[in-house]
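There are 4 protein chains.
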Amino acid sequence: MIEIGIIGANGYTGGELLRLLNNHPQAEVTVATSRKLSGEPIYKVHPHLRNLDLKFEAVAPEDMEADLVITATPHGASMNIVPPLVEKGIRVIDLSGDYRFDNLEVYEKWYGLTHENPLDAVYGLPELYREEIKSANLVANPGCFPTGAILASFPLVKEKLVKRIIVDSKTGVSGAGIKPTETTMFTNVSDNVIPYLITSHRHAPEIQEKLANYGDVSVSFTPHLVPVIRGILSTVHTFPEEDLDSSYVKELYDNFYEDEPFVNVLDVGEIPRLSSVRGSNFCQIGSFDQDEAGRLVVVSSIDNLVKGASGQAIHNMNIMYGFKETHALEYLGLHP
Amino acid sequence: MIEIGIIGANGYTGGELLRLLNNHPQAEVTVATSRKLSGEPIYKVHPHLRNLDLKFEAVAPEDMEADLVITATPHGASMNIVPPLVEKGIRVIDLSGDYRFDNLEVYEKWYGLTHENPLDAVYGLPELYREEIKSANLVANPGCFPTGAILASFPLVKEKLVKRIIVDSKTGVSGAGIKPTETTMFTNVSDNVIPYLITSHRHAPEIQEKLANYGDVSVSFTPHLVPVIRGILSTVHTFPEEDLDSSYVKELYDNFYEDEPFVNVLDVGEIPRLSSVRGSNFCQIGSFDQDEAGRLVVVSSIDNLVKGASGQAIHNMNIMYGFKETHALEYLGLHP
Amino acid sequence: MIEIGIIGANGYTGGELLRLLNNHPQAEVTVATSRKLSGEPIYKVHPHLRNLDLKFEAVAPEDMEADLVITATPHGASMNIVPPLVEKGIRVIDLSGDYRFDNLEVYEKWYGLTHENPLDAVYGLPELYREEIKSANLVANPGCFPTGAILASFPLVKEKLVKRIIVDSKTGVSGAGIKPTETTMFTNVSDNVIPYLITSHRHAPEIQEKLANYGDVSVSFTPHLVPVIRGILSTVHTFPEEDLDSSYVKELYDNFYEDEPFVNVLDVGEIPRLSSVRGSNFCQIGSFDQDEAGRLVVVSSIDNLVKGASGQAIHNMNIMYGFKETHALEYLGLHP
Amino acid sequence: MIEIGIIGANGYTGGELLRLLNNHPQAEVTVATSRKLSGEPIYKVHPHLRNLDLKFEAVAPEDMEADLVITATPHGASMNIVPPLVEKGIRVIDLSGDYRFDNLEVYEKWYGLTHENPLDAVYGLPELYREEIKSANLVANPGCFPTGAILASFPLVKEKLVKRIIVDSKTGVSGAGIKPTETTMFTNVSDNVIPYLITSHRHAPEIQEKLANYGDVSVSFTPHLVPVIRGILSTVHTFPEEDLDSSYVKELYDNFYEDEPFVNVLDVGEIPRLSSVRGSNFCQIGSFDQDEAGRLVVVSSIDNLVKGASGQAIHNMNIMYGFKETHALEYLGLHP
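Chains as they are written, first to last, in the numbering used here: chain A, 1 to 336; chain B, 1 to 336; chain C, 1 to 336; chain D, 1 to 336.
By construction, these hints were calculated from the structure, which means they are not laboratory data. Keep in mind the model is a prediction, meaning the values are calculated, not measured. There's no promise every hint is true.
[To be verified] Per the computed footprint, the stretches of chain D lying under chain A, defined by three or more beta-carbons under 8 angstroms from a beta-carbon of chain A, are:
{"no.": "1", "segment": "163-174"}
{"no.": "2", "segment": "196-202"}
{"no.": "3", "segment": "227-235"}
{"no.": "4", "segment": "273-285"}
From the three backbone atoms N, C-alpha and C, an ideal C-beta is built for every residue, glycine too.
The following block holds chain A by itself, in its conformation from the complex (with noise of 0.2 angstroms):
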């Protein structure tokens, strides 16, 4: 049984960590931090887990006492916070954008910061990084959008068919955070869709450096805001330099991803969901055909909140650890 602590454990990320943890037969959350929130019970905010016998606490990170800690933190935060634990020989995987790009550059231009504290980080995307997570001591794990955009576009960007993806994403209101705010309101979001930062979103440039490892590819990006509380469908379209059959296209995702416990390849004809994945770490890829113009179609669904942010913590964290990788993971989709 390791020892787990999470900082910035109000938040949404927070709380499904807490959630997922709760069914972990290894894994025991130990120390969940909030300054704000510090003395107060769990279910103040998680009002779903009120059977949680947790309080938040204060702690500073150099104080932190755990085995493996989980920054639910945002960026800009997480680099202050994260080196002090590394030092200590804590083990921690980061669930802000501060240490997922290779190119400093790019990451202070996108993010409007100077980073303080670069450190060493594995990108802790498991299908793509499986070997180098297993000794990390940083993981930086992935965004919510690049989750769901590199694995609907690996396979084709590796094999060198695609040169220039699109990435037209639909998303539910968790991924903006618990903190409110106008954009988030029932009343601006129900019966509504917004598309936002149409050219100019910070996961573009995440999608397009970890991509660019693997192929020579140019990535656009456009998310919109549906009303939905979880999930992330990503429409990738793309033109193959030539026609490509759609059993081909999903036999070679077939291959790619046949050991991946999380990752579902649909069967030509079947369609990718919210619905199918909501609550769960599961990744669902579909669709592989082709239109008349040339365009080649690739979608996959996550939930956010889990297959784009915590669940794939807590894979990360089977993996670093050596437990079976499904651990805190089993449960399935709720549909309806």
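Once you have looked at the hints, place chains B, C and D on chain A.
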């Protein structure tokens, strides 16, 4: 490891049984029937169960082989399916209304049917009938509305504190089943609230009969369809003979439910809501406040497909077989 | 053509006034105030009003020039804004609670405020106070819940048929206003039902005071937040002394409301719902059925921002100025 | 005052025609047909139209008496209903796909039908074909997706700035019609996003044919069902030959649409959304930004039942009869 058969596995309660039992350490679904879909993989109608390696079969009740059969069949059908199973010595949990009533006349009047095969059955509300369930061969799983309404009212009735209760319930759409109807179309439900069977819903006499076993009470009930997938919130309005302090009422509920693994009695001031129990087998009960007009309000929330149907069936199964009561029901609510 | 000023035009009721008055043949909005947004075009906060060529202005009440001012300001603020307007001879319709109560003590107790500037005002429910509204200089526009609750209960109370009513209301989120809060976040409201101020909502004493003018009645009230943008459905549970036939009750309502342009008394068996009145000034009233326990149910539905606020204000204005009552309010509900 | 007949008035587009025409000063619906509901009041299926004093009738096309008939009938049916009307000298606006295509072969291939009665028709997109519509006897009202997609792409295509467009659309559920199906159930749509006919939707060749009249362009199209009642947001991804400045593109659109009463070209930085046009006949067009990969994005939003169907039909009617173009279409969007 016991073997379970599910008759009528192609509906929502069938899907929930399969979803939840997938994580049961001592029970396994070996047969899932559907006449219409025989031979098709489960995920054809349950897209979230893509990882289950199971196909629908067409098996007649008299040919079922299993330790326990759960009949997720409509009222009127169950009365013909259950008897041959019981005769074969198979234990049965029936999700329909056919075996819930002690008074056959009430059943026949409200369901508009002649009951052809009455049998002795235990009403499967564990909080009231745990002892009887242990040795039951036939358990009649409670209706979804009665589950929440009875749990919210029972202590007041048992203590003879109230003589009349008005249950105003708000229900998600999944309670109407998997078959498309005008009522359940998105365009009719979304951004809408629709009361129905305002003074004539079948669950009224069910609540009435069960509570009347414990005290002299008159029950009124009205359900409302709200734009929610899962969940029933029941607001119980009642007028105690004398004024009751909130903390006194809360303590009363604490005492009644203190050993119950799935009932959360909330603090005074804490408010039940659907998201706290979404996807889980928990029932939250709260409010306990009285207004200037003498009205005392108690509110309960459940997931209609879990605590209100399939989860409660598994709870009953766990009790019948002496398993840990929380097996397959450990997962917490899905919020947000 | 009269000139209208709207004070506090940057909220939802302000937006509705602007949307509806745009189609008024005899009235024109000439000033729309917002201190914070002074100088900005209206559509900065009201994206649907892009075609209105109007900017927010910062105008003090004492400097307002208009025939009529509608104060879409919060309670506590209105009591300081309204008096200088009235003093200048401007007629005023106030949307806050500040001038709704005959009994100041009740107001001060429930609103937790000392009323500094009491004035004579007419309660602006046209169906009850049309004559008084005609010549009023200050109209206190009713609360959203009281509008639906009073219209649904009034005939029964006036005829002394009931002594106690329980109003169980389900409201859309727009009633909470335009300012983001935890309560109104999509992630908290969607797929959820949340009762609030279960025995302590301010609209309870408002309903109580207005109905008590017509009969001896005791009012209980509980609101529930449902995942709906607009609309209030109120289910009124009551227990008449003697049994009342549905068609008798329906006829009673028909008689009371036969000349009312915005009240639809439904047939027995027809069910009020929010989508029937969405975006419109109509109130639908129906059910009229009694159950075996003697409970009689009447249900009303309104759009909280129209009949429950801005539409009713325009109706009051039309009455005050002798315009056709339906001017600017002709549009039917938006369904689906 | 002209007399209008609606054939197939029992669907959503029929309901919208009735809702909007109720406020038309120069046109009146005198016949609304439905074989199935003949004799029933309109509000039996359109609960929001309770104040319309009109009943469904069963009238054969050859017996219709009206100045104009709007056929709200499915493709395949219209081709048999329209010709007898035209023969009688009645002007017709057809909402189906039957008369939209210049190239019959394309129609027959994508609709899987043999067209038995081809007739000359004008494509009823006022922004492109106003002159031809004025004198048309048969107007083919555009498809809902093509309306938004063409308006968003047309200036770029006409100016030969782009050669390829990818239209990624998100649509509300009302586009699927009033008939209940699995696809349109609340439980399947809510909290979900579902792409469909990913590379094979019939509206792709319609967009292709109409745009190809103005420039050499290759069109790709994918629709997604989102949990929204009304509205289509279309994100058009395209790659101009050379970099285009946002303000240059915006100005281009301004020039094309400057006299259009229902097209709002938004400012750079302003974002189209569904709630801005909900229930109204407006189309908002915005974005105009280009990303580092050279992709230029233009986004449009419409209400699929109004600008995408019935409102556009009324706009066409106003043009055909020389009425003020905005008659019956004055109402602004319903937000929130």
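Hint check results:
Three residues within the 8 angstroms Cβ limit are the bar, and the segment 163-174 of chain D against chain A gives 5, so the coverage statement holds. Chain A is given as covering the segment 196-202 of chain D, and this holds because 4 residues of the stretch bring a CB closer than 8 angstroms to a CB of that chain, at least three being needed. A count of 7 residues in the segment 227-235 of chain D with a Cβ less than 8 angstroms from any Cβ of chain A is obtained; the coverage claim is therefore met, three being the minimum. Residue count for the segment 273-285 of chain D with a Cβ under 8 angstroms from a Cβ of chain A: 4. That meets the three needed, and the coverage hint holds.
Checked against the numbered hints given earlier, the structure satisfies every one of them.
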